[in-house]
Structures are given as structure tokens and as C-alpha cells.
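Given chain S's structure and the hints, the job is docking chain D onto it.
2 protein chains.
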Amino acid sequence: MTSIGNENDQPAARIIDGTAHAATLRQEVADRVEQLKAKGRAVHLTALLVGYTPAGDMYAQRQREACEKVGIHYELRTLPAATDAKGLSAVIASLNRDPSVSGIMLHLPLPSHLDATAMQYQIDPVKDVEGVNPANIGYVVYGHTLIAPCTALAVIDLIKLTGVPLRGAEAVVVGASEIAGKPISLLLTEQMATVTLCHIATRDLPAHTRRADVLVVAVGKPGLIGADHVREGAVVIDVGINRITLPDGTKKTVGDVDLDAVMKKAGWVSPVPGGVGPVTVAMLLKNTIRAAELTHASVG
Amino acid sequence: MTSIGNENDQPAARIIDGTAHAATLRQEVADRVEQLKAKGRAVHLTALLVGYTPAGDMYAQRQREACEKVGIHYELRTLPAATDAKGLSAVIASLNRDPSVSGIMLHLPLPSHLDATAMQYQIDPVKDVEGVNPANIGYVVYGHTLIAPCTALAVIDLIKLTGVPLRGAEAVVVGASEIAGKPISLLLTEQMATVTLCHIATRDLPAHTRRADVLVVAVGKPGLIGADHVREGAVVIDVGINRITLPDGTKKTVGDVDLDAVMKKAGWVSPVPGGVGPVTVAMLLKNTIRAAELTHASVG
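So the protein sequences, as listed, match chains S and D.
First residue of the first sequence: 1, per the numbering used here; consecutive thereafter.
First residue of the second sequence: 301, per the numbering used here; consecutive thereafter.
Since the hints were derived computationally from the structure, they do not count as laboratory data.
On a predicted model such as this, the values are computed, not experimentally measured, just so you know.
Note that CB positions come from ideal geometry on N, CA and C, so glycine has one too.
Treat the hints loosely; a few may be bogus.
As the list claims (entries may be wrong) - Footprint (simulated), chain D over chain S, 3 or more residues, beta carbon under 8 Å: (1) 73-79; (2) 130-140; (3) 162-174; (4) 231-244.
To be verified - Between beta-carbon pairs, the in silico distance windows are: (5) Ala-118(S) with Leu-376(D): 25 to 35 Å; (6) Gln-361(D) with Gly-220(S): 28 to 38 Å; (7) Met-358(D) with Pro-80(S): 21 to 31 Å.
Next comes chain S alone, as it looks inside the complex (with noise of 0.2 Å):
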């Protein structure tokens, strides 16, 4: 974490360096992995890839990459895209029985004649790496998480890295994607904030994210939050990944959160690039070696 000044010399926001948080998960997952190995224990993440894209294989050899580098074993399985949903529930439940598997994932998208959520149920809860059956996801209601989705996960991380307590603080999450928003919302009530989910029909957004003591934002709009949708000295996490184009012509991944605006009036910003993403990449880490933990105890 650094602080940065700027040209008017106003108190500047700190920012939430996720791109070295991810570092000490990796540090703290590749640990774990030894620990289980001195104990004669392998952590294998499966991987199930159906229809082979370039795009869905290059990001697998970045999970693979990832993976090996903190000492986890990573298969990927391509099935064929016609593979039909009594085909992938087998190879699925197969992975489920197998003990020599710690870890499941399921690349999106799916060819289209597949669910994706009915597929993602199949998965074992103590194998759903990416916490994405929707069993834990109710896990999550229920207050005994087992597994959480990353994005979520990296989220209450990095709020956590500020050291801002979470108790009783107001915090507002914009965007209610099942993937973001949702999950967020929960694990803040799980830490006790008073929580508002907002989204495309909130009436005065603005209204509700001046109120927050934490806010995030999960939209996928550039531009979507100025310095007056922030409370002075908030902590303000961006999770939009946004590619836009410069008046120049070249491109440029930014988030939700005017940066240069919102940093001149919060107290804490994750930026993107550079704080949700890499936190993120590194939890489907940390819930792997999770997974394989809960896995070797209950079968070992």
C-alpha cells in the first residue's frame, strides 16, 4: 500500500495494492500445497474446457502457469463441443468420485445447448473451486461458508487490507450480477455491514453511495462513479473491467470509479488494473488448496 500525492496537494486516497496481495496469497497457497505434500498429499485442480477456442485455451495455460507456479497440479480436459449434458454430468461425477482430484473447475462459457448453473450444481460443494454451485452460494446465506466465488472473496480481502472494520460500517454495492454484486453483498452481511444492493433500477444512486463507509462497484461502466458519488475518506473498491479505447486510438483497461476524480476524495481505492483482478486469480489459488483440504478430510 502507498500513498500517492497529487497536483493540488489535497489529501490523496491510499491505494489497496491488490497486485501484492496477490503475491502473499500466492506465497501463503504455495505453503500449503508443501504442507499437504510433506504429508504425501498432491493438490490437482481439474479443469473442463468443452470446445476447444483460443481464447478458452490461452487463459488456460494461464491458469496452468499460475497453478505450477505455487505447486499446483493442473489438468485440463477438452472435451468436444457437442459434448451433451449427460456426457459432461459423468466426466463431472467422475471427477467428484475421484480422490486423486482436489479441485473442479468448468470454463465459461458453455456451448449454448448447456446450463451453465445446472452443470455448475453438479459439481462436488468441497471440490467447486470457484464456489460457483449454487449449494455454496446458499452455504453463504446459511452463514457457513464453505467455498466463496473469488471475485467476492478478493473483494472482502482487499477491504480488509485497509484495516477499516467491517462491523456495523454502511456499505454499498452497485451492480447486482450474480457473479459480483450478489456474492459481495452477502459475504459484507456475513462480516456484519449494513448492506444496500444497488443496480440499473435504483432510483438515486448517488443518494445511497454518498451514505457508504465501504463502497463497491460492480457494473461494467466506465466512468460510472465521480468523486460525487463518494463519502470523504470512503474505501472504494473498483471490480468493473472495462477495455476502452483512447482518443488516440490505443487501449486501456480502466474500471467503474473515475480514478483521478475519486482519488482526490476517498480514503482508500483498489484500482484497476491492479487491485480485484490479480486478488481474484490468486483466490481460485487459495480455494484450490481450500478445496484440498476439505477433500483429504474428509476422505483421508
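Quick look at chain D alone, frame taken from chain S:
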């Protein structure tokens, strides 16, 4: 729904009549049961009671009466109090497989050696008439609800009776329990309300509740919500059920809302008794017919 006056001739809230709505739901269920019977399909609810207690048995007998009045066949299976997790799982698995069983419910509390959520997770989501399988909660988060918890569904129904639109409404839920507040907030989000979930750690409760177009209170604390907590004209749904002793020693069932005071300020009130309670009971019947239709759709 009736409009009632008060001694000061102030405008008074209208009562949302849960008892009348429950009767409507029961008639709807009876009609759908008839339709299934006309196709040769019976609707059969199996309730599991682990360990005989007079209270559990009495509750089950009331359920039997409610089911039989609408043509649902009710079967109570009482298992020994010493039944272990493996034994109960085996019973649930056999009911899941039995095509003649359309719905399954598990009476709580279970004996302390059994984990309720772990057992509820065993119930096939399409037969889970209480909507308590974590997977069914997860499906609510994912926005394609299969069967939701009865109390939460009752709250949504009662709000809809008022005609007040939920899309874009400020909704505040007080109480973040697994069985009531959290599922209610999820269903309100599904209806596109802007939802704030308050609880024991909330710093300034009245500031939140006074913002609410729709206020849902599910805490279990008599008198928690007075007129000062309520916005003029708001819809107030009282989910609390409390038995209190009056100064003269008689007992009375009240909610969390100071009904007399709030009636003078709110636009609509769902009272206790006569509001959420009877609708929740009827909702179990509605979920049972829904389960029967889902089960028959998949096996028939």
C-alpha cells in the same frame, strides 16, 4: 383488505389481510391438485419427524389437516431420535428416488447430533417444499428461483397485494436471519427493489427504516418498530412472532411492530397475527404443488 379509522380521524394505514390471501392461495392449490388428479397424478408430501415430541407431533397433525383440505396426501414418517446422519440420508435418498413422493420436508429442530443444513442439502431441490436446500437458496441468488423459502415468498405476496411497485422501490429489511431476513432481501432484489439489509450491528436503524418505501421487519423483538421508524405512507410487513404476557397476566401474540402507532403513519401494514403467518402456512402448500408439477415434469 380493509381501511380502518382511528380516534383522531387521521388517515390510517390499510391492513393487508394475510388470512384472506391464505384462503385464496389454498383455493388456487386445491384447483391445481384437482388438475393433476385429473391427469392421474396424486400430490404427496412426506414429512420427516426425527424423534417424537408432543409439540412436533401436534404441528405435524395440523399440517396434515391443512394438506388434506386441499387434496394433498400427507404422510408423516416418525424416525427414532437416535437416527444417525447416515440413516436419515438413506431415508431422504429413497424419498428422492420415489416418483410417488412429490414433496419432502424435514421437521426442525433435529436432535443435536444431526446437522440440519447438511440434511436439508440431501433433499432433491425439486422436492424441497420448504425451499431450504442451500442449492435452492443459491438458485434464488442466481435469479432463477426453483422453490424459495415459504416466509420470504409470503412477504413478496403481501407486498404485491398493495399494488405498490417493487421495481426501484427503497426496501429495507430488518433482521438478517438465514430463514427470514436474508431470503427476503434476495427475493426483493429479484423484484428489482433497492434493498438494505439491517441487523444487530446496524448503527442508525431509524435512519434506514425511514428511507423505506417498503419496510420488512423480521427480528423477534416486540415494539422494535414505532411510528418514528416509518416513512409516511410506507408498506410495513411484520414478520416477527412474539408471545407476550400482558399486565393482567393474559398472553398475546404480537409482532415486532407497534401496530397502533405505525397504523397512523404507514400506508399499508401486514399485522401480527393475521399477516405473514397464515400466508407462510399456505405457501408450503403452494410449494408442494409446485414441487409436484416440477417432479412430474421431470419424471412424467
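Tested hints:
1. Under the rule that three or more residues need a Cβ within less than 8 Å of chain D, the assignment of the stretch 73-79 of chain S is violated, with 0 such residues.
2. A stretch counts as covered by a chain when three or more of its residues have a beta carbon under 8 Å from one of that chain; for the stretch 130-140 of chain S and chain D the count is 7, and the coverage holds.
3. Counting residues of the stretch 162-174 of chain S whose CB lies closer than 8 Å to any CB of chain D gives 3, which reaches the minimum of 3, so the coverage claim holds.
4. Residues of the stretch 231-244 of chain S with a Cβ under 8 Å from some Cβ of chain D number 0, which does not satisfy the need for three, so the listed coverage is violated.
5. Restraint check, Ala-118(S) to Leu-376(D): a C-beta distance of roughly 33 Å satisfies the suggested window 25 to 35 Å.
6. Distance hint for Gln-361(D) and Gly-220(S): a CB-CB separation of about 54 Å, inconsistent with the stated range 28 to 38 Å.
7. For Met-358(D) and Pro-80(S), the hinted distance range of 21 to 31 Å is not satisfied, since their beta carbons lie about 57 Å from each other.
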